[in-house]
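Let the hints inform the model, and build the full structure from the sequences given.
2 protein chains.
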Amino acid sequence: MNSNLRRPAFFVSDRTGITAENMGDALLEQFDGMKFKRTSHPFIDSPDKAHALVRIINHAAEESGIRPLVFSSVSNDEVRAIIKSAKGLHLSFFDAFLSELEQELGTTARHSVISRVQNVERYDARMEAVNFALNHDDGVSDKDLKEADVILMGVSRCGKTPTCLYLALQYGIRAANYPLTPDDLDSSDLPRMVKPYKNKLFGLSIQPERLHDIRQERRPNSTYSHINTCKQEVADAQAMFRRFGIPFTNTTHKSVEELAVSIMQECKLKRKF
Amino acid sequence: MNSNLRRPAFFVSDRTGITAENMGDALLEQFDGMKFKRTSHPFIDSPDKAHALVRIINHAAEESGIRPLVFSSVSNDEVRAIIKSAKGLHLSFFDAFLSELEQELGTTARHSVISRVQNVERYDARMEAVNFALNHDDGVSDKDLKEADVILMGVSRCGKTPTCLYLALQYGIRAANYPLTPDDLDSSDLPRMVKPYKNKLFGLSIQPERLHDIRQERRPNSTYSHINTCKQEVADAQAMFRRFGIPFTNTTHKSVEELAVSIMQECKLKRKF
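If you read the protein sequences in the order shown, they are chains A and B.
The first sequence begins at 160 in my numbering and counts up by one.
The second sequence begins at 160 in my numbering and counts up by one.
Some hints here could point you the wrong way.
Identical chains blur together in the list; that is why a pair holds if it fits in one copy or across any two.
[Said to hold, decoys possible] Simulated crosslink set (PhoX-like; lysine-lysine; CA at most 25 Å straight-line):
#1 K429 to K196
#2 K194 to K208
#3 K429 to K208
#4 K359 to K427
#5 K305 to K390
#6 K246 to K305
#7 K431 to K196
#8 K208 to K243
#9 K390 to K429
#10 K194 to K429
#11 K429 to K302
#12 K196 to K427
#13 K305 to K196
#14 K427 to K194
#15 K208 to K302
#16 K305 to K354
#17 K354 to K243
#18 K427 to K208
#19 K243 to K302
Since the hints were derived computationally from the structure, they do not count as laboratory data.
Note that this is a predicted model, so its numbers are computed, not measured.
In structure tokens, the structure reads:
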């Protein structure tokens, strides 16, 4: 075994592979410092595709001299059996749990890919939420703000837009966002546009140093990006959140996923699909 | 057991719970027609929170009279052990796979939550891709179109925008989109704006009936939403895709996730983080 080589890690699915990837990532990051060569193989839903993948896995095993890891989420028994004939350690999600679940539920599972007929309601909820987020990005409109499930508030470039879009795409949540301008921050009151919706507000804060870095990318060496401006704006925004009892979180060390789930939890929002 | 009651299904995680939810959904949808009462419990990362959750699960077990299902993705051994003391069938992702993986890799895993220090590169790639998608939505600008990883092309309302945003958020892919107007469709050439980037184009098609429904929501009883308009535009768009050898897919029965993964695969795009 050549220790300079990274161990191959395959993520295999008969659908998108998002579950297999998430599962594999959660497990692999438990092993500090180890490096893996990851490849994803979605839509492996026929014996032919499975056989072709087996050849790829076996080739990787031979070439690297290291036994590959194969994380798989494949519901079809025949396809799964073919994949398991490849050289590797197989961590198969359906093998691990499906029979236990069948026993508990007292019935037999499908053991096949569900051809998800377009769920029109889900699509519509998602589209509506995405359009809402786009129409209410950066405080452009207070039209229909009463329809918002949540309104994210914070200084420019603190992470509002991607969080709103993620909430819309992942959960169908109608998330608007409102950027706190220097004028808003000088005022002792809540901004006029969002004042009627105080109970929907959620604040985003950020470390001034990180905000400075982000703003430098956008407008280098400007007052806008100066570290003192960043410090002042962040301090004023947090003071506003505290004064009006608006829940808030610091985005600096959080991923968009973590922010979205935290906001769902804090604001007691329910996914729409 | 009261068969009218839905069996409680808990999704438990010491992080966002997205993996536990995906895993649970993939398993539960294998059981046709069964109904479950789902609740998600993210950020269960301390013994106190675990004990509080055990009380909730036990209460659900007593109230429903049905043994709950507990899908969990919890890396900390102590927290996981507490959760497993709750009444229910526990499907624990780390229990199923971690020791096997430790053995294979010849090392001990962390068995603890990784405090993900903000991965600045990941955040920046994501932000850049989201901004790119927003700046190149609906063909508003051909500036920097040469920086695009992919350009989605299709008639109005066929699903371009959410797919672009999902590609940006999930994979850091810079996805632009270009709406085919009636003028574009009358022409025998590719639209001027995207012509220089023919090898980045990917087409989205849709069933005319579904397009009609979507457009009716937006502009009821208009020429734009008329079924004949929809049929003609879809036929013209597909003819254009075929004439210029542009790969395309039908969005009607696909989720945004499926579309995104298909496009990644077809265009050989690599995730940026």
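- Query: Looking at the structure, which of the earlier hints fail to hold?
  - Reply: 2, 5, 6, 9, 13, 15, 17 and 19
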